[in-house]
Amino acid sequence: HRDISDYMRSVTALEGADYVSRMQNVGDAVTQGLELEAKMRLSDVVTDAPPVDLRANASVFQSRVKGVPGPDNRLDQQAAGTVNLGVDYRFRGTPITVGGNLNWTPGYTTRISETQWAEQGSKTVGDAYILCFLSTNAQVRLTASNFAPRDYLTGSRYEDSALRETSETNASSYINWQLRLELKL
Numbered sequence: 727h728r729d730i731s732d733y734m735r736s737v738t739a740l741e742g743a744d745y746v747s748r749m750q751n752v753g754d755a756v757t758q759g760l761e762l763e764a765k766m767r768l769s770d771v772v773t774d775a776p777p778v779d780l781r782a783n784a785s786v787f788q789s790r791v792k793g794v795p796g797p798d799n800r801l802d803q804q805a806a807g808t809v810n811l812g813v814d815y816r817f818r819g820t821p822i823t824v825g826g827n828l829n830w831t832p833g834y835t836t837r838i839s840e841t842q843w844a845e846q847g848s849k850t851v852g853d854a855y856i857l858c859f860l861s862t863n864a865q866v867r868l869t870a871s872n873f874a875p876r877d878y879l880t881g882s883r884y885e886d887s888a889l890r891e892t893s894e895t896n897a898s899s900y901i902n903w904q905l906r907l908e909l910k911l
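As numbered in this note's numbering, residues 727 to 911 make up the sequence shown, in order.
Calculated directly from the structure, the hints in this document are not laboratory data. Don't be surprised by glycine CBs; every beta carbon is placed ideally from N, CA and C. Mixed in with the good hints, there may be bad ones.
[What the hints assert, rightly or not] For lysine-lysine, the following BS3-like pairs were computed, each having C-alpha atoms within a straight-line distance of at most 30 Å:
no.	residue 1	residue 2
1	Lys792	Lys849
2	Lys910	Lys849
3	Lys765	Lys910
[To be verified] Derived CB-CB ranges, DEER-like:
no.	residue 1	residue 2	range
4	Glu840	Ala864	16 to 24 Å
5	Gly812	Arg748	41 to 49 Å
6	Ser736	Arg790	14 to 22 Å
When you get a sec, could you build the whole thing from the sequences and use the hints?
What follows is the structure, given as structure tokens:
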């Protein structure tokens, strides 16, 4: 739990004949969250299981900006939660380990002000790696981050008595390949 005083954010408003976006103190806010994490070896629960390590975590978040009417009067860029699942497998008798991670963040709406909203689409990202131990002090790692790229949607909405405007952005994402030599000094 955390109390925030004098929360600042960019707010759009009509000033004269123009709509202007500028930083504004929108008042106090409160935020809280909970994270649960679990790690285990599959062989700890299944007899003769392969050498697999499993990991998972889930987080939930809640916030409220007191000077902005609800619903959805949350802090900027704060989803309601996230979920991560991961697995690692070490090939017996070899210096090779493979693994991966899957992350999901649900889509959400943030009410910025009485007249302005921001939209974030859900996001799913998968990462995978292969690791080869060369010695006790050296290893080579090949990583594919975001191995199943998906487009990411964002948007905004403004509504007052004189104007109603909606925008949406569809951003492409790409696989990020990395090959690294990792040394312990």
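The hints, checked one at a time:
no. : hint                        : result
1   : Lys792 - Lys849             : 28 Å, holds
2   : Lys910 - Lys849             : 35 Å, violated
3   : Lys765 - Lys910             : 25 Å, holds
4   : Glu840 - Ala864: 16 to 24 Å : 59 Å, violated
5   : Gly812 - Arg748: 41 to 49 Å : 42 Å, holds
6   : Ser736 - Arg790: 14 to 22 Å : 19 Å, holds
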